[in-house]
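First to last, the protein sequences are chains A and B.
When we follow the working numbering, the leftmost residue of the first sequence carries the number 43, and every step to the right adds one.
When we follow the working numbering, the leftmost residue of the second sequence carries the number 63, and every step to the right adds one.
Derived from the structure by calculation, the hints contain no laboratory data.
The C-beta atom is built at its ideal place from N, Cα and C for all residues, glycine as well.
One should not assume that every hint holds.
[As the list claims (entries may be wrong)] EDC-like mimics (lysine to aspartate or glutamate), calculated; alpha carbons at most 20 Å apart, straight line:
no. : chain 1 : residue 1 : chain 2 : residue 2
1   : A       : 100       : B       : 85
2   : A       : 100       : B       : 117
3   : A       : 100       : B       : 119
[To be verified] Take a look, some chain B residues computed to stay more than 10 Å from chain A by CB distance:
no. : residue
4   : 64
5   : 66
6   : 73
7   : 91
8   : 94
9   : 110
10  : 111
11  : 134
12  : 143
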Amino acid sequence: MTIELVGVIGAGVMGCGVAQNLAQAGLKVILVDISEAQLQHAQQTIVRSLRLARMLQKTAFSGTVNDCMERISLTTEYEALQQVEFLIENITEKWEMKKSIYPEIDRICPASCVFAVNTSAISITRLASLTNRADRVIGTHFMNPVPLKQTVEVIRGYHTSEETLQITQELLQSLGKKWVVVQDMPGFVSNRVLMLTINEAIFLLQDQVASPEDIDRIFKECFGHPMGPLETADLIGLDTILYSIEVLYEAYNDSKYRPCPLLKKMVDAGLYGRKNGRGFYTYTAN
Amino acid sequence: METIKEKIRLFLHRHVAQAGLDDDQDIFAQGFVNSLFAMQLVLFVEKEFEISIEDDDLDIDNFRSVNAIAQLVARKKAHIQG
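Modelling step: build the complete structure from the supplied sequences, incorporating the hints.
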């Protein structure tokens, strides 16, 4: 079975990246978000990213920017997902927000449709339990920016079937992606380590051990990482970092996952990182 | 042509941390700006010169230097008038 029509839920940073990547690969996309304003913003973001992708020519591109945009339908109605063959859900990393939509999409989407949860921390098995298709629920943790990142962390829930894994891998292949399959424990591999690292880097800043620039330089220049933990936090979004670490804290009840007070304070102050121009660093609007 | 170049120089001067940029200097290769700046350049060119950058123009080579951008603008303007 070749998948041609994919539903994407959530038009934030990740949802836009996923929709763009699918459209660039020649697939049709229905992008759903409950906010009309968010959809309008998403449309502008995707056009800009498509133009940049075309300019940099680092990723495969099927047709023109307009061709790609025509493959994406934007809507506020979940009912538009009645025909989708595969669905990628990218709602905010909060259990309360994610859980409300699974019974609904379970009712609307075809029984054969695979639900891929794009999450960095939330339990795939737990979300699957809200549906009548636990064998067809899988985790796909895409990295940001989605079209530029080659590898996806794929998570098998307790009931995820071999066939679902197969379908997911075929879809990822059509996007030109590679994958690593891991088991379902909160935070998987990536975020159990990354979120602790970022959180600890924020503690370093709070304790005035070093400036953001110097903390990041240690990782870049001593360890050879392309980016330091605080730059990475700004790229991911500080609100998302906080949600993710709260999810880990709740899941393991282990104090090592307690969010740094400075992180909470920055999120309360509206410093979200690159997406709104201010985080550990300041960014000029483009 | 000289006014076009002057406007481009002014814009680059505001965003590129390098004084006395040469008109032929490759701003990307020399690491004065990162590739994300390319999109800012495209938006600036479209707005400032009231032209529309089509898919075929979306080539980083058209935005590498003051001269390259000026040539692109001149070509698009000629196309509009012709």
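The hints, checked one at a time:
1. 100/A - 85/B: violated, 27 Å
2. 100/A - 117/B: holds, 15 Å
3. 100/A - 119/B: Judged against 20 Å, a Cα distance of about 16 Å means the pair holds.
4. 64: holds, 27 Å
5. 66: holds, 20 Å
6. 73: holds, 13 Å
7. 91: holds, 14 Å
8. 94: The claim holds: residue 94/B sits with its nearest Cβ about 15 Å from chain A, beyond 10 Å.
9. 110: holds, 15 Å
10. 111: holds, 17 Å
11. 134: holds, 12 Å
12. 143: Answer for residue 143/B: holds, closest chain A Cβ roughly 25 Å.
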